[in-house]
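Engineer: Sequence:
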Amino acid sequence: MANREKKGLVARWLEGKERSEDYARSTLPTSRWALFWDILKGRFGKLILVNLMVFITCIPIILIVFFHNYSIAAIGASGSYGSGLGVGYPYVPFVPGQEQWAILQLDLFYFGLLIPACVIAGIGISGGMYIIRNLIWTEGIFVANDFLRGIKRNFFNVLEAAIFFSAILFIARVVGDFSDFFVAAGSSMAGWMIASKVIGYIFVAFATLVTLWMVSLGVNYKQGPFALIRNAVVMTVGTFPQTIFFAALATWPVFLCIFGKGILLIIGIIILFLFGISWLMLVWMDYSQWAFDKFVNPDRGFATGRGLYNKDKPSDTSPKQVSLEESAAMRELRRQIVAQGKSKLACRPIMPVDDGVDMYQLPDSFSREDLQKVRESRAAVEEDVKKYEEEHKDDAQYVEYNRIFEETERAIKEDGKPGKKKKKNVKRPKLLNKR
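Numbers 1 to 435, taken from my numbering, label the letters of the sequence shown in order.
These are computed hints drawn from the structure, not numbers from a lab. Hints are not guaranteed to be accurate.
In silico DSSO-like cross-links for lysine-lysine, where the CA-CA straight-line distance does not exceed 27 Å [stated by the list, open to error]:
#1 K222 to K294
#2 K373 to K386
#3 K197 to K261
#4 K152 to K222
#5 K387 to K373
#6 K152 to K46
Turn these sequences into a full structure, and let the hints guide you.
Structural biologist: What follows is the structure, given as structure tokens:
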């Protein structure tokens, strides 16, 4: 046996345990967690490249956030905002609420610009999510080509999600600014405005979760705009605890940039520039595939477990097991087969043409007597065919074909009757079955 090359710690960590000399299927990922780590350590270079391509389309959002914060800081440093005592030039007759009003004017401008900026970012997100989905499905990818293909296929769904989120964020921010202004001005409606501000923040948090589901649903399935929002809301509510956890796990680099100060802000920016966006898309899309395999794909007849190696493949091929795993496409194919009827070539025995058949051939010049001989030979052949069919009608291949056809026909008829479907124990968002 040839001496094996001794590898370093980093190489062994990247390649995993070597269980045999050859490539072992047992090392393939068998769960979504294993698939996530396999992509993270094996395709890290592609993740960085995807992150850079998406980051370029997010530059308008970054610039808007930067200038927004800079403008607020400038107003706070130069404005004459105080308790009303010692106000100098320029003279401000009513100081309380002026700072909040100035911030409101800024937010109307910058958060209004954030809507088209999110649309531009949606271009990169649609291409990046398509690549991440193909990585999770363990399909071969070409980053540049698949990025453009993803934009072409998914942009309108991601566009809807971007407008949905940015519009709700704009409304909630403006309502919050009005609340701060009325509270500072001492309005009697201050209590209601504070409540509306809190409700607005709750809506933004919920809209963030719905937007994540809209993007993943839009990349995986073809659906209309209203169905996309409805199904995203259903998935958010139906998987709320898991959605909260994985959304927090996916978006921590973004929140580190938003709420971080000093060294934490610098670390967050570096992470977001290198692989933070790819991390967000990988974590969320990997979790989404798990949810789709559990709640959506079995009902729609789509393949489940894409990208995973099933080492415990079920060996039970009984009719019950097959019926549980039967897809909608296969059921439709069987309906078409039953609608076309039994195959005349497969349901009954047909005597071979070379089985000693002797047909009388008409000469070039024939008489009535020759025609009579042709009739007699044809009648003899028909008699032989009927005799052959009677002798072989109980052969296994014909009996088995007729039995399977009759069972399929009976199963399709029973499947169409109301009240015959068994209820499943898995709790799933029911609206996803409607389209």
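Engineer: Is K222 within 27 Å of K294, Cα to Cα?
Structural biologist: 19 Å, holds
Engineer: Please work out if K152 and K222 have their alpha carbons no farther apart than 27 Å.
Structural biologist: Distance of about 13 Å is within 27 Å: holds.
Engineer: Is it true that the CA of K373 sits at most 27 Å from the CA of K386?
Structural biologist: 20 Å, holds
Engineer: Hey, K152 versus K46, does the alpha-carbon distance stay inside 27 Å?
Structural biologist: 20 Å, holds
Engineer: Between the alpha carbons of K197 and K261, is the straight-line distance 27 Å or under?
Structural biologist: Since the Cα atoms of K197 and K261 sit roughly 25 Å apart, the hinted pair holds (cutoff 27 Å).
Engineer: Are K387 and K373 close enough, with their CA atoms no more than 27 Å apart?
Structural biologist: Status holds; Cα separation ~21 Å.
Figure legend: structure checked against the earlier numbered hints; every hint is met.
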